[in-house]
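*Asks:* Here's the letter readout for the chains.
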Amino acid sequence: MNSDQDVRMKTLLQQALPRVEGQPEPEHDLWPAVLRKMDARPAPPPLVDWALVAGLVAFVGFFPAAIPVLLYYL
Amino acid sequence: MRNDSSSALGEFRQGDIAAFETLFRRHRAAVYGWILRIVRNPATAEDLTVETFWRIYQAHARFDPSRGFEGWARRIAAHAAFDWLKTARSQSELPTELAAPSTADPAISREIRQRTALAFQRLPPKLRIAATLAVIEEQPHKDVAEALGISVAAVKVRVFRALRLLRKDLERQGITP
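Each protein sequence line maps, in turn, to chains A and B. Number 50 in this note's numbering belongs to position 50 of the first sequence; there are no gaps in the numbering. Number 1169 in this note's numbering belongs to position 169 of the second sequence; there are no gaps in the numbering.
Everything labelled a hint here was simulated from the structure, so no lab data went into it. No residue lacks a Cβ here, since even glycine has one placed at the ideal position from N, Cα and C. Heads up, some of the hints might be wrong.
[Said to hold, decoys possible] Stretches of chain B that chain A covers, calculated by requiring three or more beta carbons in the stretch to come under 8 Å of a beta carbon on chain A:
{"id": "1", "region": "1016–1025"}
{"id": "2", "region": "1030–1037"}
{"id": "3", "region": "1122–1136"}
[What the hints assert, rightly or not] Okay, the calculated beta carbon distance ranges per label pair:
{"id": "4", "chain 1": "B", "residue 1": "1043", "chain 2": "A", "residue 2": "8", "range": "25 to 35 Å"}
{"id": "5", "chain 1": "B", "residue 1": "1168", "chain 2": "A", "residue 2": "71", "range": "49 to 59 Å"}
{"id": "6", "chain 1": "A", "residue 1": "48", "chain 2": "B", "residue 2": "1015", "range": "12 to 22 Å"}
{"id": "7", "chain 1": "A", "residue 1": "19", "chain 2": "B", "residue 2": "1118", "range": "16 to 26 Å"}
{"id": "8", "chain 1": "A", "residue 1": "71", "chain 2": "B", "residue 2": "1061", "range": "44 to 54 Å"}
{"id": "9", "chain 1": "B", "residue 1": "1150", "chain 2": "A", "residue 2": "45", "range": "24 to 34 Å"}
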């Protein structure tokens, strides 16, 4: 892309997507939302994580010789 | 930010909520504005501002007061916005919810502007975020690089690739920029 094309492309982009002017302020006081998020309990691990753990335990139960290999890669 | 008192920064690093609130009040507009420039949707920018300050508090122990708060906050904000850009939800929204430019060029039709905006939305998020900040918002490349955690040269490369992909997309639609 040469520099003329570059400039035209930039101009078109600036026309398509207006620039945010000035220093915009949020409409709401966001501090209470920040506090609520900080107080929220962490979400429990998804079911798929528990399924993976269960699968790993089962695998180790059937193939205990794999434990050193797993520990090596962990 | 260099204007922050060192005591507030030090107390924040220890996890002090009052110091954190002081920093939040001082920097919320800058963080919100930075995010708004990326996601271009005021409601989403508010949600991501909350997410950003939550991440900031989670990382308080890793904060280095000698490097200032604003640049660090901006980087976390850019990451939060980038994560949002990667989601399927953001892909389905038209990123033109802000007012149309008052200096719209009459030679460029509304349809071309809309198709350009949609083509821009189809760019990979890492190219889109660099082009948004550097081309649309005309932020200094140094600031963009710092926020994205990449070099100035990498910003220029991403902008170049973004413009090239955008141009090819428009040409496929019969639009010659």
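*Asks:* Output the numbers, in ascending order, of every earlier hint that fails for this structure.
*Replies:* Those not satisfied are hints 6, 8.
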